[in-house]
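2 protein chains.
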Amino acid sequence: MEDIVSLCKRRGFVFQASEIYGGLAGFYDYGPLGVELLNNIKQEWWQAMVHEHENIFGVDGAIIQNPKLWEASGHIAGFTDPLVDCKNCGARHRADHLAGTDSTDLLELKKLLTDKACPSCGKKALMEPRKYNMMMKTWIGPVEDDSSIAYLRPETAGSIFTNYENVRETMRAKLPFGIAQIGKAFRNEISPRDFIFRVRELEQMEMQYFINPKDEKESYERWREFAWTFVTERMGINEENIQWHEHGPEERAHYAAAAHDIYFKFPQGFKELMGTHDRTDFDLGNHQRVSGKDLQYYEEETKQKFIPYVIESSMGLGRIFLAVLINAYCEDEQKGEKRIFLKLPEHLASVKYAVSPLLKNKPELVDKAREVYKMLKEKYGAVMWDDNGNIGKRYRRQDEIGTPNCVVIDFETLENNTVTIRDRDTTEQKRVSIDELTNR
Amino acid sequence: MEDIVSLCKRRGFVFQASEIYGGLAGFYDYGPLGVELLNNIKQEWWQAMVHEHENIFGVDGAIIQNPKLWEASGHIAGFTDPLVDCKNCGARHRADHLAGTDSTDLLELKKLLTDKACPSCGKKALMEPRKYNMMMKTWIGPVEDDSSIAYLRPETAGSIFTNYENVRETMRAKLPFGIAQIGKAFRNEISPRDFIFRVRELEQMEMQYFINPKDEKESYERWREFAWTFVTERMGINEENIQWHEHGPEERAHYAAAAHDIYFKFPQGFKELMGTHDRTDFDLGNHQRVSGKDLQYYEEETKQKFIPYVIESSMGLGRIFLAVLINAYCEDEQKGEKRIFLKLPEHLASVKYAVSPLLKNKPELVDKAREVYKMLKEKYGAVMWDDNGNIGKRYRRQDEIGTPNCVVIDFETLENNTVTIRDRDTTEQKRVSIDELTNR
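Respectively, the protein sequence lines represent chains A and B. When the letters of the first sequence are read in order and numbered with the numbering used here, they come out as residues 53 to 492. When the letters of the second sequence are read in order and numbered with the numbering used here, they come out as residues 53 to 492.
The hints are simulated quantities; they were obtained by calculation from the structure and are not laboratory data. Take these hints with a grain of salt, some might be off.
For chains that are exact copies, the list does not tell them apart, and a pair is met inside one copy or across any two.
Pairs of lysine to any residue residues, derived as SDA-like cross-links and limited to a Cα-Cα distance of at most 20 Å, are as follows [as the list claims (entries may be wrong)]: (1) LYS404 to ASN185; (2) LYS139 to GLN68; (3) LYS183 to GLY130; (4) LYS345 to VAL418; (5) LYS395 to ASN290; (6) LYS431 to HIS105; (7) LYS266 to THR332; (8) LYS120 to THR281; (9) LYS420 to GLU106; (10) LYS94 to LEU369; (11) LYS426 to ASN440; (12) LYS189 to ALA380; (13) LYS404 to ARG224; (14) LYS426 to LEU159; (15) LYS139 to GLU196; (16) LYS226 to ASN440; (17) LYS226 to ALA434; (18) LYS236 to LEU369.
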């Protein structure tokens, strides 16, 4: 992980948020190369979900919604972590971490913590553990009182459910159909950790698929398949780095009847990357109850009315970003020297081409290289000019950020309009004509 | 405006957030067609700013930053609206609106409000006006106290300034260079209004250009030019719908030495669409002071050190989205009937092609149409299948959402592999071969 964190900072993928002010735990900014990779991942997902499915529609909901939404979703009551306060020094700790358990049962935690000392002051002065809501709170409007409290959404799914009826109607959609969303969510984690793996401000890509309950099993299996295919084929993750993890009954979220995650081999172990969850009619049922709006679906063929079930396909962008980088991170030896390179799929790479003149003090080479650079930049956008240091150093720099193609303009270019193009993974160079470059 | 609001809701561009819970003032969700238009606008801006400029780099910063950032930026002290409370009923009002003035001077407002009654209870019981901070507040971590307060960013610019040094270093950038960002910002407006024009949760596209102070005037003019060109050529806004507005000294934000906005003819009058601001060394100077980090730039050629100046190019996504829709909104008469159509530039349109079989009960037409639909969808993504109602109704439906091309598969298609393609603006139809469709 240290290698990745250091590479991310050194090469402009990820910075600590507000770094010049000492940062803020659990918050990160994506730098110039990071935002390109992030955008490429988002676009690939949007393409796979929305543009390749006739019956999946996008939305972009507000981060702040009417708080009744979170009452209906169960987040106000249930989105909690167990905490314990120290009577002596006032420090607050995660009760389950301190007790060394995965359980969040308050009675069990109380027992396990009986003899524990406070890690901050060392005194045996821990109070009774209690539930602590992880939603971030704010106020809307000029008065800060209970009636104006609002929450930053803890997951994007909420505004998908509240828009179910609007989308169905405006798109004249029939079951099954899905709604997809990419956007930020906030969780007041007590102990954010593992770089961008567990953060307080995260971005999610979620799709909720609305179905006739009779199609529950079939649809669930189909979206499990999609998850595996997306991660391996579209994100280029090697199969040996991922595995299925089925949630046990005690592990599932309050809304899920079944849940299969894809776990990725992060440096801290196999951890959740992408989830497929069967949310049944939990969400629409609760929204119907709390809002008083009829959210039943009328099926013409059978003349039946029912609350649709929901199969959810969900992933955190930070996690897939991190997994893509870790999966691509390679070291080898080239001419006796250690080389770091990112074996990123070309469609995800932050920079597609780097263009260099062989020598930066030969104006005719520089002019020609600028011409090729402009041509490629016009076509691909994410193209970098690099004339710093010798060619070997430039290659190393581009390898480290995963640029698949390095183009060099040399004296032969001036003669026959061909350039060398070097492959990042094999380091092999071949000559191609300039025309070929933009017609690949 | 009512026509636009109604179209947005009816056709799935924009919905009230949490509509089933009665909404939440100042918050909106983008629906299936809205999110496509929004994404197209963002991509066009990113292309124009980042991918077409060698020296402009993207970032994606966190919405929540270390609060010291907002101390340095002046937002904790200065990002305020004047409010006045009623002693009798406890209602709170915008003092300047109530006084019918643009001034935010508290003494002046006090004078103007002397004889006014509270609009809520009718009593003359208004207290002294006072400043009210518009940043939304939350807490980070388990304890809700002063030391854990954080703010939702009121503008995206903040994390551009704090990343200035990181970007300069990792990109080995030399002045002039820019940093661009698209992201959400939050403003606790007392009276959100005019649909998505003035909201509490907004999205911004901002670029800060760091320059040698000696290039101030030239760079400022250049980015004014960019603004005009972007709005007219890339967003397709007609020149008669926009005008320059130069900020007077009393109107400028606390950080700006000069400011030129492009105003768009919104239904409520000419209002701000996009700003070009000269922020001088206000931001980096303050961040250097508050953070204690050296943010000076060392210029090799002159061996001089200085704080770069900043020219900012900034726009709200909701506003340009609204302007693009209003600008495109047309009504005409076709065969004696009123027609609504959106004259959107093709690269911005939410749907590029609609595909229909002439008759939906002829399997051979439907099969062929499905084939064409799949082909186009694979290539363009944003392609809609439409077999509902007669052809005339389908055309009207597509016109209303701005689909530039309607393709119809008829009996002649089965004979010679040609289809009719209809132009949204002229309503003219011509026959083209299917091959031509995907090679346009």
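Structure-based check of all given hints:
1. In this assembly of identical chains, the alpha carbons of LYS404 and ASN185 never lie at most 20 Å apart, being 44 Å within a copy and 45 Å across copies at closest.
2. For a Cα distance limit of 20 Å, the shortest separation of LYS139 from GLN68 qualifies neither inside one copy, at 33 Å, nor across copies, at 46 Å.
3. When the C-alpha separation of LYS183 and GLY130 is checked against a cutoff of 20 Å, the pair qualifies only within one copy, where the shortest distance is 9 Å, while the shortest distance between copies is 38 Å.
4. For the identical chains of this complex, LYS345 and VAL418 are neighbours neither inside a copy (67 Å) nor across copies (37 Å), given an alpha-carbon limit of 20 Å.
5. Proximity of LYS395 to ASN290 under the C-alpha cut-off of 20 Å is restricted to the intra-copy arrangement: shortest distance 11 Å within a copy versus 46 Å between copies.
6. Proximity of LYS431 and HIS105 under a CA criterion of 20 Å is satisfied inter-copy only: 13 Å between copies versus 27 Å inside one chain copy.
7. Proximity of LYS266 to THR332 under the C-alpha cut-off of 20 Å is restricted to the intra-copy arrangement: shortest distance 11 Å within a copy versus 64 Å between copies.
8. Proximity of LYS120 and THR281 under a CA criterion of 20 Å is satisfied in neither setting, with 37 Å inside one chain copy and 44 Å between copies.
9. For the homomeric pair LYS420 and GLU106, the shortest alpha-carbon distance between copies (17 Å) is at most 20 Å, but the shortest distance inside one copy (46 Å) is not.
10. Both within a single protomer and between protomers do LYS94 and LEU369 lie at most 20 Å apart by alpha-carbon distance, with minima of 8 Å and 19 Å respectively.
11. When the C-alpha separation of LYS426 and ASN440 is checked against a cutoff of 20 Å, the pair qualifies only within one copy, where the shortest distance is 18 Å, while the shortest distance between copies is 47 Å.
12. Proximity of LYS189 and ALA380 under a CA criterion of 20 Å is satisfied in neither setting, with 38 Å inside one chain copy and 39 Å between copies.
13. Proximity of LYS404 and ARG224 under a CA criterion of 20 Å is satisfied inter-copy only: 19 Å between copies versus 40 Å inside one chain copy.
14. Taking the shortest Cα distances, LYS426 and LEU159 never come within 20 Å of each other, neither inside one copy (66 Å) nor across copies (58 Å).
15. Taking CA atoms no more than 20 Å apart as the test, LYS139 paired with GLU196 passes between copies only; the shortest distance there is 17 Å, against 29 Å inside one copy.
16. For the identical chains of this complex, LYS226 and ASN440 are inter-copy neighbours only, at 13 Å across copies versus 57 Å inside a copy, given an alpha-carbon limit of 20 Å.
17. For a Cα distance limit of 20 Å, the shortest separation of LYS226 from ALA434 across copies, 19 Å, qualifies, whereas the shortest one inside one copy, 40 Å, does not.
18. In this homomeric assembly, LYS236 and LEU369 come within 20 Å of each other (Cα to Cα) both inside a single copy, at 9 Å, and across copies, at 17 Å.
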